[in-house]
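Line by line, the protein sequences are chains L and Z. Under the UniProt record's numbering, the residues of the first sequence are numbered 1 to 542, in order. Under the UniProt record's numbering, the residues of the second sequence are numbered 1 to 319, in order.
Hints in this document: simulated from the structure, not taken from any laboratory. A couple of the hints might just be wrong.
[Said to hold, decoys possible] Covered stretches of chain L, as calculated for chain Z (at least 3 residues, CB under 8 angstroms):
hint : region
1    : 44 to 52
2    : 265 to 273
[What the hints assert, rightly or not] Cut-off 16 angstroms, straight-line C-alpha distance, at most; resulting in silico cross-link-like pairs (EDC-like, lysine to aspartate or glutamate):
hint : chain 1 : residue 1 : chain 2 : residue 2
3    : L       : Lys383    : L       : Asp329
4    : L       : Lys239    : L       : Asp534
5    : L       : Lys164    : L       : Asp115
6    : Z       : Lys280    : L       : Asp392
7    : L       : Lys433    : L       : Asp312
8    : L       : Lys154    : Z       : Glu282
9    : L       : Lys154    : Z       : Asp46
10   : L       : Lys169    : L       : Asp115
11   : L       : Lys432    : L       : Asp312
12   : L       : Lys94     : L       : Glu479
13   : L       : Lys478    : L       : Asp92
14   : L       : Lys99     : L       : Glu82
15   : L       : Lys537    : L       : Asp73
16   : L       : Lys478    : L       : Glu488
17   : L       : Lys359    : L       : Glu331
18   : L       : Lys165    : L       : Asp115
19   : L       : Lys421    : Z       : Glu282
20   : Z       : Lys280    : L       : Glu46
21   : L       : Lys421    : Z       : Asp33
22   : L       : Lys359    : L       : Asp329
23   : L       : Lys144    : Z       : Asp46
Cβ coordinates follow ideal geometry from the N, Cα and C atoms, glycine included.
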Amino acid sequence: MQVRRLAAWAALPLAVTLGLSACGKSGGSDSGSANPNGVVSIGIAEPKHLIPSNTAETSGSQVLAALFAPLVDFDEANKPFEVAAQEISTTDNKTWTIKLKDGWTFHNGEPVTADSYINAWNYAAYGPNAQDNNYFFDKVEGYKDLNPADANTKPTATALTGLKKVDDKTFTVTLNAPFSEFKALLGYTAFYPLPNAAFESATASPLVLAKSYEDAPIGNGPFKIKGSWQHDAQVEVEKYDAFAGTKPTIGGALFKIYQNSDAEYADLQANNLDVVKQIPTASLSTATGDLGDRYQTSPASTLQVLAFPTFDKRFEKPEVRKAISMAIDREEIANKVFQGSQKAAYSFVSPVVAGYRDKTCGAACEFNPTEAKKQYEAAGGPKSLNITYNTDGGHQEWVDATCNQLKANLGVECVGTPEPKFADLLTKVKAKKDVGMFRMGWVMDYPSMENYLGPLYSTGGSSNYYGYSNPTFDNLLKEGSAAATQDEAIKKYQEAEDILAKDMPVLPLRFGQNVFGHSTNVKDVHIDLFNRVDLNKIQIAG
Amino acid sequence: MFRYLVRRFLQMIMVFIATTFIVYSLMYWTGGDPIQALAGEKPVSDLQRAQLVEKYGLDQPFLQRYWNYLSDLLQWPPNFGTTLTGRSINDILSDAWPVTMQLATIAILFTIIFGITAGVIAGIRRGSIFDNSTLVLTLLVIGIPSVVLAPLSQYLFTIQWKIFPTTASGVGGWERWSDPSLWFELLLPGIVLGSLSVATAMRLTRASVSENLRADFVRTARSKGMPGRRVIGIHVLRNSLIPIVTFLGVELGSLMAGAIVTEGVFNVPGVGYQLNRALKTEDTPLVIGIVSVLVIVFLVANLIVDLLYAVLDPRIRYE
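Work out the full structure, taking the sequences as your base and the hints as a guide.
This is the structure:
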């Protein structure tokens with residue numbers, strides 16, 4: 001890559017002039033003004049699956065976002081608003097009534113009904129189907145009967161008792177416990193409906209997905225598939241004329257499949273590809289020169305933290321954890337190691353969710369080496385530190401940089417301890433083996449503060465590997481989930497976040513950034529919360 | 001000849017079984033946890049794990065699994081099984097092989113046309129300017145690895161001077177052999193791939209030709225008054241081709257193995273591309289499937305090379 005970068009530098013003046021001349025003759029499509037029938041090409045990787053309940057990665061969900069319309073989408077303030085749903089209401093946060101809009105149809109002409117949702121969700125929640133998004137339904141009543149604790153026994157039920165049809169366009173969802181953020185959950189890929197045609201028989205129990213469905217998924221969205229999914233090559237979608245929602249401003253989209261992100265970026269440079277959602281790290285240093293103002297960034301939902309095994313005697317005291325936090329210069333690492341592709345984090349929740357506040361971590365996250373050393377020594381912090389990380393994710397560089405900062409600012413020994421896989425790291429942490437500090441990353445499941453707090457820090461939370469437990473924190477989360485309005489819920493969650501700032505079970509380090517680029521053929525490119533190109537906003541450049 | 005072929009064929013079966021066994025056990029012992037690899041950094045639920053373990057027979061003992069795999073493979077048509085994401089490996093292979101063969105064809109033609117021609121000329125005119133300049137040039141090309149050559153030529157020939165398409169697109173498969181647009185897309189990757197063996201082919205040809213020019217039979221032919229063109233065309237070239245054919249045969253085998261780097265850079269959906277992806281996602285069934293076919297390709301390529309010897313040199317006979 002070294003030479004490639006060199007070559008790119010040498011060619012930089014030329015690339016800029018090329019870019020300028022390209023601006024002069026822009027409007028590559030046949031008409032002079034914005035073309036509502038133009039096709040936009042977007043680079044993706046080969047999707048693992050194209051089934052809503054089995055698609056958890058961004059390439060697949062990008063394609064599904066074109067083929068399906070969600071019940072709710074998110075506005076500028078990241079709050080949910082209804083799309084395919086007419087109204088989503090509840091009185092107790094436990095039983096939710098979902099009323100669908102009239103006149104919506106699937107691409108094969110089938111009307112979208114309450115059954116379309118109930119069937120799709122039952123299929124997703126049925127344990128033996130082994131769907132990646134199965135766990136999204138664990139809050140719905142009856143989930144346990146479909147997913148017995150012993151994996152080798154057959155479930156006692158095939159449908160969620162919490163899903164009840166009221167009439168053709170209305171159904172209710174009953175949850176195990178009140179959950180005020182359920183509406184935000186409904187914006188995720190897992191909650192799309194499926195037509196009867198998706199199943200071998202729509203009345204069977206348990207439901208069996210038709211084998212050929214995945215080749216050409218039928219959805220309820222603004223675009224329908226053109227032809228079928230051409231593995232390792234492309235998926236093409238075109239405008240669905242009978243779409244009842246807001247019509248998109250483009251005629252279709254071509255999702256080109258790349259295995260190698262450098263090849264994808266090369267196609268963007270040659271103006272053969274319209275959008276690259278994530279510019280490869282090796283090209284970041286030259287991307288501004290290559291693309292000019294077509295190089296853009298926006299906040300992403302990922303959060304990188306440095307976690308403490310709080311059960312470990314050495315890290316018991318919050319003062320020790322805070323001192324380590326103050327000894328880390330987050331800005332320097334974000335800019336030098338990540339070249340701005342990640343942003344320094346001073347809060348525990350990501351800026352992409354409603355209720356985010358900057359600098360909730362307070363003084364403990366400000367870089368202050370002298371104060372850090374003083375407090376570290378006063379609290380009797382350990383003489384040597386280590387940070388365990390997984391080697392398959394490109395973490396070594398920043399872990400080493402962090403260690404160097406700790407060495408210089410605290411006067412301690414610090415080394416990075418590599419583990420081959422993240423799973424290996426977690427196995428060791430779970431077994432309470434000596435790992436020292438360790439890296440953790442979090443990608444949001446649904447845009448809510450709760451998703452950054454509950455699974456990570458509540459007592460017995462699904463990803464609480466640090467043994468952190470604070471009853472006040474747990475109570476605040478419960479109160480938030482039972483709150484009558486979203487604003488009240490957010491208030492409770494913010495109080496809970498303030499407790500984290502006091503206890504510091506983890507150190508927030510960096511927020512992810514979408515670092516994307518587009519060609520001269522398109523404008524208004526936005527990447528949404530789930531790292532997908534927003535197909536309702538993108539336009540062909542006039 | 002017939003007995004020779006039968007013997008070779010039996011040897012091939014032995015080699016095939018031994019190599020697949022080695023690959024299978026290597027992937028088995030070092031492969032880590034394929035289910036966790038499939039899920040990435042997300043936790044895998046116990047139920048999901050149990051489903052996948054049963055589907056892929058991950059709880060069976062090693063020899064049982066290898067035997068199942070081999071018996072699926074040895075039926076007709078062979079069944080390579082499915083990838084961890086549920087795609088048929090037969091489909092993937094039948095899409096990827098034709099593309100790689102197309103790429104290898106371009107590369108090998110490029111090697112023959114440029115490497116051998118230049119080698120013959122340099123061999124005849126030893127010490128000339130042509131000889132010396134090609135010597136330097138080939139040294140240069142041998143020195144640049146494909147990780148550099150491929151992106152560099154992509155940058156120069158497709159982004160800066162828009163002569164070739166930047167990446168190959170679309171699906172593979174036999175039907176695309178008649179599609180001129182795919183041939184054009186594969187031209188630059190093919191040349192990049194071929195240029196690495198051009199240098200070796202040229203040096204080999206040069207050495208072999210210049211050696212044969214001094215051989216007794218050439219002197220005899222010349223003293224009989226045979227015209228120079230006939231001496232070189234019939235006597236020198238034919239005798240010089242033996243080491244080159246060996247080289248090209250082995251080279252063709254490794255070209256078929258798919259150029260992981262070149263196919264990655266140019267997004268060519270061939271065997272190297274699939275192999276790279278399979279390794280990255282730890283898709284054990286796909287890795288083993290691709291390697292099994294590769295073994296066969298190498299064995300067949302070697303057999304053809306050996307048979308060609310007899311054609312080129314009548315002194316060589318197989319009994």
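- prompt: Hey, L/Lys537 versus L/Asp73, does the alpha-carbon distance stay inside 16 angstroms?
  reply: holds (13 angstroms)
message: Run the distance test for L/Lys383 versus L/Asp329: straight-line Cα separation, threshold 16 angstroms.
response: Given that 16 angstroms is the threshold and the Cα spacing comes to 20 angstroms, the pair is violated.
- prompt: Under the criterion that the straight-line Cα-Cα distance not exceed 16 angstroms, is the pair L/Lys169, L/Asp115 satisfied?
  reply: Cα-Cα ~9 angstroms, so holds.
- prompt: For the pair supplied as a hint, L/Lys164 and L/Asp115, is the alpha-carbon distance within the 16 angstroms limit?
  reply: holds (9 angstroms)
- prompt: For the pair supplied as a hint, L/Lys94 and L/Glu479, is the alpha-carbon distance within the 16 angstroms limit?
  reply: At roughly 13 angstroms apart (the allowed maximum being 16 angstroms), L/Glu479 and L/Lys94 satisfy the hint.
field: Proposed proximity, Z/Asp46 with L/Lys144 (alpha carbon, max 16 angstroms)
entry: Judged against 16 angstroms, a Cα distance of about 13 angstroms means the pair holds.
task: Take the C-alpha atoms of L/Lys421 and Z/Asp33, compute the straight-line distance between them, and say whether it is at most 16 angstroms.
output: The given pair, whose Cα atoms are some 10 angstroms apart, holds under the 16 angstroms limit.
field: L/Lys154 paired with Z/Asp46 [C-alpha distance capped at 16 angstroms]
entry: Since the Cα atoms of L/Lys154 and Z/Asp46 sit roughly 13 angstroms apart, the hinted pair holds (cutoff 16 angstroms).
16 angstroms Cα cutoff - pair L/Lys432, L/Asp312: holds (9 angstroms)
query: Are at least 3 residues of the region 44 to 52 of chain L within less than 8 angstroms of chain Z when you compare beta carbons?
result: holds (count 3)
Outcome, coverage of the region 265 to 273 of chain L by chain Z - at least 3 residues whose beta-carbon is closer than 8 angstroms to one in that chain: holds (count 5)
task: With a cut-off of 16 angstroms on the C-alpha distance, tell me whether Z/Lys280 and L/Asp392 pass.
output: Distance ~10 angstroms between Z/Lys280 and L/Asp392 Cα, so the pair holds.
Consistency with the previously given hints fails for numbers 3, 8, ordered from lowest to highest.
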